Amino acid sequence: MNERRPVSARSPAQALFRRLVLINGLVFTLGTLILAVSPATVSAPVLLTEIPVLIVGLALMLTANAVLLRRSLAPLGALTALMQRVDLLRSSDRLQESGNGDLNDVVATFNAMLDRLEAERSTAAAHALAAQEGERQRIARELHDEIGQSLTVVLLGLKRAVDRAPEELCEELHAIQETVRSSLDEVRQVARRLRPGMLEDLGLIASLNALAADFAGMSDAQVTRRLESHLPELGPDAELVVYRIAQESLTNVARHAKASRVELSLCRQPGGVVLRIADDGRGGRITEGAGVRGMRERALLIGARLSITSPPEGGITVQLTIPVRPERN
1 MNERRPVSAR SPAQALFRRL VLINGLVFTL GTLILAVSPA TVSAPVLLTE
51 IPVLIVGLAL MLTANAVLLR RSLAPLGALT ALMQRVDLLR SSDRLQESGN
101 GDLNDVVATF NAMLDRLEAE RSTAAAHALA AQEGERQRIA RELHDEIGQS
151 LTVVLLGLKR AVDRAPEELC EELHAIQETV RSSLDEVRQV ARRLRPGMLE
201 DLGLIASLNA LAADFAGMSD AQVTRRLESH LPELGPDAEL VVYRIAQESL
251 TNVARHAKAS RVELSLCRQP GGVVLRIADD GRGGRITEGA GVRGMRERAL
301 LIGARLSITS PPEGGITVQL TIPVRPERN
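For what it's worth, the UniProt record's numbering labels the leading residue of the sequence shown as 1, then goes sequentially.
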């Protein structure tokens, strides 16, 4: 939990103004003292031989003033750069406090704002994704219980009709039967993709194997699977995130990559449990649409790191690293 910083008696703007006034006052005070104790004199009117002394003194004062101001305002440049690159869907970085007391309040306030925004976005994303999963389950139930049952009734009726139909109509009725049976299979596949019941019943590895088999059935790409069976306990939320990201990645490969080989792996590595989906397709510039942003939001929910890269040799590599607690002996 973040510690609450004490509220400063003066605002950061007032503190910065005070620092600038002190720096300028110090520089000009030292310049005046040096001029007072030095043997240099200034006549009225100014002699030509005194002009170089004045120019050197002014240059030294301006240089000292610029160095002190640059050092004092240096955190503002880093803060501006952080503002330009910050992305709440990626691993957030924070600006380190530099010891500049007057600007530390600004840096700390900005870091606290990022923490608050990330927490709020994470909470909102969790609610949205929970609602999405609930809607997926509702649609899957309706497909299975209503449309699936209706198609099953139609198949039974067609069977009875085939048994009583004249021979010249049997072939046409058989074709209709096959069409309805194919539609029933498609409805079941859609329902299974919407609600991975296998994930709850048989576990993550079996679900990823089934997902890879479905992908191989709808794509010409060869799928290589490397799924370790003995992995640390991830929990239901993390397993669902792994499944959904693998599902979205394989769907993107099937739609856009034109790949001939795909690798799906889930293994233990020093950084945690790593899910990796790599293809040898077209690759190129990665466009972060709704699907990719949804994957990043899911990764943030479980504190995982998601990276999507396009290697020089081609294709796209999606890697999700889920941190796990070290196992106690």
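Since the hints were derived computationally from the structure, they do not count as laboratory data.
In this text, all values refer to a predicted model and were calculated from it rather than measured experimentally.
Among the hints, erroneous ones may be present.
Pairwise CB distance ranges, derived in the manner of DEER restraints [claimed, not checked]:
id, residue 1, residue 2, range
1, Glu167, Leu231, 57 to 65 Å
2, Pro311, Glu186, 31 to 39 Å
3, Ser182, Glu120, 42 to 50 Å
4, Ala126, Ala161, 21 to 29 Å
5, Gln269, Gln177, 45 to 53 Å
6, Gln269, Leu156, 50 to 58 Å
7, Ala59, Gln269, 25 to 33 Å
8, Ala128, Glu186, 24 to 32 Å
9, Ser307, Met83, 48 to 56 Å
10, Leu117, Arg305, 12 to 20 Å
11, Ala161, Gly235, 46 to 54 Å
Each residue gets a CB set at the ideal place from its N, CA and C atoms; glycine is no exception.
Checking against the hints above, which ones are violated?
4, 7, 9
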